[in-house]
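Asks: Each protein sequence line maps, in turn, to chains R and P. The opening position of the first sequence corresponds to residue 1 in my numbering, with each subsequent residue numbered one higher. The opening position of the second sequence corresponds to residue 1 in my numbering, with each subsequent residue numbered one higher.
For the record, the hints were derived by calculation from the structure and aren't laboratory data. Keep in mind that a hint or two might mislead.
Because identical chains cannot be distinguished in the list, a pair is counted as satisfied if it fits within a single copy or across any two copies.
What the hints assert, rightly or not - Once the Cα atoms are required to be at most 30 Å apart in a straight line, the calculated DSBU-like pairs of lysine-lysine come out as:
| # | residue 1 | residue 2 |
| --- | --- | --- |
| 1 | Lys232 | Lys588 |
| 2 | Lys622 | Lys689 |
| 3 | Lys592 | Lys147 |
| 4 | Lys422 | Lys486 |
| 5 | Lys165 | Lys888 |
Protein chains: 2
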Amino acid sequence: MTKKYVYLFADGKAEGSGTMKDLLGGKGAGLAEMTNAGLPVPQGFTITTEACTAYYASGEKFPEGMWEEALAALSTIETSTGKKFGGTANPLLVSVRSGAKFSMPGMMDTVLNLGLNDETRKSLAQLTGNERFSYDAYRRFIQLFGKIVLGIDAEKFEHKFDEYKKKLGVKLDTEVGAESLATLIDDYKAIVKAETGEDFPTDPLKQLELSIRAVFASWNGRRARDYRRVHKLDDSLGTAVNVSDDGLRQYGRGFRHRRGIHTRCGDRRESALRRIPAECAGEDGSPESALPRRSRSSKEEMPAIYDEFVQVADRLERHYKDVQDLEFTIERGKLYMLQTRNAKRTGASAVRVAVEMVEEGVIDKATAVQRVEPAQLDQLLHPMIDPKADVNVLAVGLPASPGAASGAAVFDPDTAEELGKKGEKVILVRTETSPEDFHGMVEAQAILTSRGGMTSHAAVVARGMGKCCVAGCGDVVVDYANQQFKVGETVVRKGDWITLDGSTGRVIIGKVPLIEPEISGHFRTLMTWVDEFRKLGVRANADTPHDATVARGFGAEGIGLCRTEHMFFEGDRIDSVRRMILSSTEYKSLEKQLEVARAEAEKASNDRKAASGIRVQDLEAKIKRPSELYHGALASLLELQREDFVGIFRAMNGFPVTIRTLDPPLHEFVPHDDKTLEDLAAKIDMPVKEAKARVEQLHEFNPMLGHRGCRLGIVYPEITEMQARAIFEAAVKVKREGIVVKPEIMIPLVGNVNELKAQADVVRRVAGEVFDREKETVDYLLGTMIELPRAALTANRIAEVAEFFSFGTNDLTQTAMGLSRDDSGRFLPFYVENKIFPDDPFQTLDQEGVGQLLDIGVQKCRSVRADLKIGICGEIRGDPESVIFCHKVGLNYVSCSPYRVPIALLAAAQAALADKTGASVGTTA
Amino acid sequence: MTKKYVYLFADGKAEGSGTMKDLLGGKGAGLAEMTNAGLPVPQGFTITTEACTAYYASGEKFPEGMWEEALAALSTIETSTGKKFGGTANPLLVSVRSGAKFSMPGMMDTVLNLGLNDETRKSLAQLTGNERFSYDAYRRFIQLFGKIVLGIDAEKFEHKFDEYKKKLGVKLDTEVGAESLATLIDDYKAIVKAETGEDFPTDPLKQLELSIRAVFASWNGRRARDYRRVHKLDDSLGTAVNVSDDGLRQYGRGFRHRRGIHTRCGDRRESALRRIPAECAGEDGSPESALPRRSRSSKEEMPAIYDEFVQVADRLERHYKDVQDLEFTIERGKLYMLQTRNAKRTGASAVRVAVEMVEEGVIDKATAVQRVEPAQLDQLLHPMIDPKADVNVLAVGLPASPGAASGAAVFDPDTAEELGKKGEKVILVRTETSPEDFHGMVEAQAILTSRGGMTSHAAVVARGMGKCCVAGCGDVVVDYANQQFKVGETVVRKGDWITLDGSTGRVIIGKVPLIEPEISGHFRTLMTWVDEFRKLGVRANADTPHDATVARGFGAEGIGLCRTEHMFFEGDRIDSVRRMILSSTEYKSLEKQLEVARAEAEKASNDRKAASGIRVQDLEAKIKRPSELYHGALASLLELQREDFVGIFRAMNGFPVTIRTLDPPLHEFVPHDDKTLEDLAAKIDMPVKEAKARVEQLHEFNPMLGHRGCRLGIVYPEITEMQARAIFEAAVKVKREGIVVKPEIMIPLVGNVNELKAQADVVRRVAGEVFDREKETVDYLLGTMIELPRAALTANRIAEVAEFFSFGTNDLTQTAMGLSRDDSGRFLPFYVENKIFPDDPFQTLDQEGVGQLLDIGVQKCRSVRADLKIGICGEIRGDPESVIFCHKVGLNYVSCSPYRVPIALLAAAQAALADKTGASVGTTA
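Construct the entire structure; sequences and hints are all you get.
Replies: This is the structure:
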């Protein structure tokens, strides 16, 4: 027995049902469900997705029995409708539509009015009493079939039609009469013959066969593949094919036989149905987007049909418990439902609808929380480009910081500051940014860089400010000398307007309309429900009192990552930092030389004794200056950091604050251009040549894997000491103000428990000193980042010393995969496009690889200390899969940038709900 | 009951035994063993290592009961010897010697002749009949005690002695008479008083107590700690203290009462005993190194003692089945054995002795194989600095390539080549080397760089040539302009001679005597035994036909890693490589632009159509030139690589050759100085500005984690295709010559099975094409490096596609630990010195961390394909622990540089033997 490949829906009952999406696709399942529910649905049949995959598996042959089943189904429909496919009395016209499991609007092909040919055209003319309409329908059918099924450039048909209009001296299609259309049809057939070498198929069954093949083929068309890649859909699912009675059109002239409508019109905050069938069309553009003007008052024109439609729509919405995207047709005064599916919508709309439906009792809170895609919240928190706008995309870089902004391109921070302060909108364009550019970044609307990745200076600073940034856009060639940048042949000069979309990485020419974010009451309501369900804590990454305040406002339950080095960039602090660094290299080098000299002096024979002694004295004298500079700079940084911590502790009133000790390699702080270096050398009274030599000494081949993280604090314990002192002194001060302070000191880049021990010794000693002196103690925790594979693999050892863990997924991903985030631009897009990687692992946690390390780390840790608090502070971007994974492996909290806190909160709630119900998360489909 | 802290050896029996090394130390156990064996041993007692650790644990207090036990033991000895400690009739003089579990020659302190004071000095004079001897002994005792126990600068005593000699107008110590020595002793006592504020302790028991404390303290002295660090000994073991009857001296005048001798004198290839007690003294310098001239004919002088000594020595050698380092004394015509321990020796000596002892039937082959430290073989394969030479170490860099060489410093490759070709010995000094320096490196004796790590260009190229190299010596500041380098204040100018020790990283001023390597018959014999035991295969890393031949000569069973990119550096090939790279970036960029332009043209509306079409045509025209350049360069590389492979396949006749496809980031091949770049641009007809832009485009922040490995071959499949074609064409050619060819193609840096799939598709397609065309097939394997944590974690997935695995421990260590080998110089030495890391993980596999990944990788792989061949091709340096680990986790082979093959072979045999016997590996102690 062969497999069943065709499912019928006719005579008020369907062989399939609404649960059979896998087999019948979303559309087919919907039609079956509506049929069984007794709703008015045109009759037809669905060819299964299995037929599609079998078709591909067998080298593009219909699977055995499929065609015969289809013919049998067609015959049933002929009987039931009393029409005949290819018949001249009452011809059956059918549509052939794709319909995959997941909605892929506009991505696959549809053919309408199959069955038309020279004979049935005549019957159509008789039935409608409209000769011109019949010719026009036939003409359109040849054109659509030619394009979709036969792959002929649509322009060829349009060009021919234009010739006719020119010849007739008319402008509108509708001005071309029946006679002209009749000869146009001949010309169209000639085009088909010329392009394909064969006659246009007038046999309806041939039309049907070819159309089914075309729909199958469209599954692997470029658009469809791209769509699936972006939406992470499986290529192997295949599409179903829906063949159904296409009916005849009431609105004959316009041939607008199908209407799309949403049961709710989220953007306008009122029930769409009240205005049915009016202007509130589907947003995705797949149903034709507006009804003829005169149908706007359809409630008055066709009250019976209007009432029926409202009932049907209400029934479907309650049935599916979600906003429905409906397609319907009205044939000779009768309503037919063609499709129903859960509607796609904007973030604001999704939130509003979810809350409204709870208020109306349609769904419960848990469903509402699961209904909104976390990523959609991004739209609510940042300006976005109006999706209706026509944009000219010049290049695509990394979506480094979300939001959108337009402004005039400028190429240096001083100009950005100058114009920005005057209220002009500018976008700062740089190859890459450094701390010197900060003042310009503050005043710019957005930042564009041609180099650097998601964790480059530009990206990190922009995210911290909630400012749009496109980074590492390699196609942009910046030319400072001429104050312009080029992308291929296109030149953008200083002052030319551009628009950046930091959520997608697009660089757009000119000014584009933006939609401003709007935090609605519905949003606030939804977030209170979110808190009822989620178990995973959410903290924010925040480095300044300002960021901390923003984070609290968004609902963060503490700071999961305070990067102390970010404080180093503010204002003229950088000078102290640089003084510390440049003198430290000299100081440490002299210290080392002195140690060697002393050892040599000790061992020296008599005749070398004197010389050795002089060398030691020389070095002791020399070391003095750099030592003073170094410790002086440390002292001034102590003051500054203490004040920052005071501000942060106050803002976080009672919530924990995880402070990471110095992490980046020192050379990130020093200037690399001659001018700044010369100024600096003058300031710190160091010969320029020497300063250059020190900067040169700091050079690293692979700074990511170099002298950074705890390795700094171990070689320079004075730095950790200074930071610990700043933290504890600030904590004592704020505690005395009556505020609860919970500092958590986090040591970065630990790979071996001994590293943590060494740093813990310093921190605990300083804590003791401060508490003794101040006669006041503050409870604090001392923990570590788990951001190296070795740390995860030896988590049991590290847990002996650490009081908390925080997984750093950025570095863990970089090291586990051997993949520099800043350099991956040359191949990672290629990898994702070609499915070598399923996703960008910096956007979505690589569960198969990096996830194993998380799992190993948690297990090994819990084996030693079951109650140890474990968080994660890489930017998971509110990606629901990543959050559910964090929830599953048993983390206590996630931490992300302040503007992503609501996204993470929602994802956490969905993770908890999915855990409870086993449901899938984060998709409304 | 308190613990027993003191073990007696007296009256021909000992409380301890030879097996109690942990408790009694090596020396104490040896003394006990010799006593029990009835050998002539002075009587005494051993204070245990537990007493030492208890001493430290309790804040430097003697543990309860220890002192009392010591006094009781002392009393027993007094009774047994008839002497009395501090007695005037027959005074007992004792020595106090350290003695840890592992021999640490010269690293800890010893005090002799305790018991001497003003009274016992007189008795000594009477007993020896030599007044001057008694004063001199007392004078020496005060000086030694003053220095060792009281910490007084020895120079103060010597200075005083010099004053006397000046005053007396004499030159030799022996010319100072008894009367002068008597007043000198008073002056010495005054020095002690002045320096310590207390009188010199004349109470023998006080002397004993302080001396025991001093020995305990010397365990934590700097020398001892350094020694343990270098030799990887545990700091917590503690030292035992041996107190024994010091006797009186036959050779009174010279006070040379102790003699060290080896039972065999390996370096001179004849039995040392025949010349006993003659010039063949201990190599380590701890026993006084030469006997008085007149004792050279001691066999004739003291035939009875000579015979007794030979018997004792033979007996000890047979007992311990190893060469013994003996210390003895002859007191009033009687022989006393003071110490016996396994002798330390040079590599050549170790090999010779091991083979000889098998031939003599003392040990079996397995023992002989276990007796030689693998690392010692290095001395046999490279020149080394004469250990007796006095060297002036200027700086210490990374031991990048072993051996030693002297030469005049030169600072550019052209001079190196010019002088080198004239037969002058030069050492090339560079900040770092690049392919342009190659011709100079070839002619230089050795290479010194101030930057770069163990895998820098200089290091890798030098190791490949078996040439000495010290890399990344940060203290060396190279000044090309003045043709000199500085270390601190020391300037080394062009032409100044320096010596490099590539085995330790030392940079030495001047010319130093070297010992040339000598491959002896004994070595060959040992290596045949090695092959009888080992199970682990050993292959070589070799990149050229020459290297392959060398590797075979050293016993390599194939090539485990042939780095195709190394072929790129030879001769003027680099030009083709650069042409390929610079044109490729343009070609790929245009290809991408063209793709976008075509897609846009397709979608373009009518009015944009024409413009789009022109853009496409423009691009098509533009792409032509770089495409031709690119594919032209690929074609010429194809020719060159094919010939290399032909040579390698011939050299490896029947042994497998693992060829890795292109691995390093492309920018490693392009010039970074303006001059070379300009020349190159002219050669390939590219505007200089454009060439610079291309080079700039190749810049990466972290090239280690960037666009390299299989990521190159995936984005540029043409490169993999070219390499695969070269391999298969060469294989077919050599097979037709009647030679068995076994190519194994290895894809580097795979982290995801899809990467391997993509590259495997290319390789297999090319293989098919070549075999079809040539009508000849060659069996080959296709496998991958496992060098990323993610690869190890997903080895089960990767094993579905790979036909073999090879662990790359260099990159695996770098990524697992987040540690760049090239940059770790700033903190890794500090880490090892401060025991944060037990070892340099690039020298000794980090079993706790990286080892877990090996283990996981092997397990996951075997779970899918139990028989998959797994090797390792990081440079394990013949480190026995690493090799035993490889053996244990079940690898099939290790691969290392040709000059390390014998080391790895030996280590592999030891691993197999250890596996069988459970014995420890690689140490003779």
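Asks: Does each hint fit the structure? Answer for all of them.
Replies: Evaluation of the provided hints:
With identical chains, the CA atoms of lysine 232 and lysine 588 are at most 30 Å apart between copies only, with a shortest distance of 27 Å across copies and 52 Å within one. In this assembly of identical chains, lysine 622 and lysine 689 lie within 30 Å of each other by CA distance solely inside one copy; the values are 17 Å within and 45 Å between copies. In this assembly of identical chains, lysine 592 and lysine 147 lie within 30 Å of each other by CA distance solely across copies; the values are 27 Å between and 78 Å within a copy. Proximity of lysine 422 to lysine 486 under the C-alpha cut-off of 30 Å is restricted to the intra-copy arrangement: shortest distance 27 Å within a copy versus 54 Å between copies.
For the identical chains of this complex, lysine 165 and lysine 888 are neighbours neither inside a copy (65 Å) nor across copies (85 Å), given an alpha-carbon limit of 30 Å.
Consistency with the previously given hints fails for number 5 only.
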